[in-house]
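Given these sequences and hints, build the entire structure.
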Amino acid sequence: SQQGEEDPQALSIQEGENATMNCSYKTSINNLQWYRQNSGRGLVHLILIRSNEREKHSGRLRVTLDTSKKSSSLLITASRAADTASYFCATERETSGSRLTFGEGTQLTVNP
Amino acid sequence: DTGVSQNPRHKITKRGQNVTFRCDPISEHNRLYWYRQTLGQGPEFLTYFQNEAQLEKSRLLSDRFSAERPKGSFSTLEIQRTEQGDSAMYLCASSFGQGIPPLHFGNGTRLTVT
Numbered sequence: 133s134q135q136g137e138e139d140p141q142a143l144s145i146q147e148g149e150n151a152t153m154n155c156s157y158k159t160s161i162n163n164l165q166w167y168r169q170n171s172g173r174g175l176v177h178l179i180l181i182r183s184n185e186r187e188k189h190s191g192r193l194r195v196t197l198d199t200s201k202k203s204s205s206l207l208i209t210a211s212r213a214a215d216t217a218s219y220f221c222a223t224e225r226e227t228s229g230s231r232l233t234f235g236e237g238t239q240l241t242v243n244p
Numbered sequence: 031d032t033g034v035s036q037n038p039r040h041k042i043t044k045r046g047q048n049v050t051f052r053c054d055p056i057s058e059h060n061r062l063y064w065y066r067q068t069l070g071q072g073p074e075f076l077t078y079f080q081n082e083a084q085l086e087k088s089r090l091l092s093d094r095f096s097a098e099r100p101k102g103s104f105s106t107l108e109i110q111r112t113e114q115g116d117s118a119m120y121l122c123a124s125s126f127g128q129g130i131p132p133l134h135f136g137n138g139t140r141l142t143v144t
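Which chain is which? The protein sequence lines are A and B, in order. So in this note's numbering, spot 73 of the first sequence is number 205, and the numbers just go up one at a time. So in this note's numbering, spot 99 of the second sequence is number 129, and the numbers just go up one at a time.
Quick caveat, the hints were computed from the structure, so don't treat them as lab data. On a predicted model such as this, the values are computed, not experimentally measured, just so you know. Not one of these hints is a red herring.
Simulated pairs of lysine to aspartate or glutamate, DMTMM-like, Cα-Cα distance not exceeding 20 Å:
1. A:K188 - A:D198
2. B:K44 - B:D116
3. A:K201 - A:E137
4. B:K87 - A:E226
5. A:K158 - B:E74
6. A:K202 - A:E236
See below:
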């Protein structure tokens, strides 16, 4: 079963705008990761945030984690057409053993 | 780092046939994962190897599915007596380290069962 739920399911913006995607999950986690997937390709890891961290940055990406609300957000600033992809959150649950559990993803379209 | 390699990229088969997919992980990675992804959904965990040992299997992995990782190197995923519901992208990922470090995914094998 899917642990994470991404919101929105689809997002369409203009180049240069910021894109915010949200992820909610149900059980306690050790860490949360964000991945990106271009159509027909494998997933690419973007950023990992541990349960004791609240915010993390990597280039144009900013991730926040609120364990009290069991939610995370991914912000992409100054978006580019090349950012068009599906974005997935994935959680390592405290009791999951060795698996990452992925959400259903947000399809981001950045229009030039 | 040549990345995770999966073969074939596409496989079309008739219902009832057996298929086998191969995954070559990044050479120094001791952990290997198989996931399945259907259109519009996130990847679903199938199974996990640490070196040659298969340590975890999802209940999604019915008795028609079997995975191996001989000698802790490449891995194969076999589906016997394929069904139309098996049509999906099968993704392999590898990693190295403690906990669940970032996964490196291959580009997947897309299976179509007709």
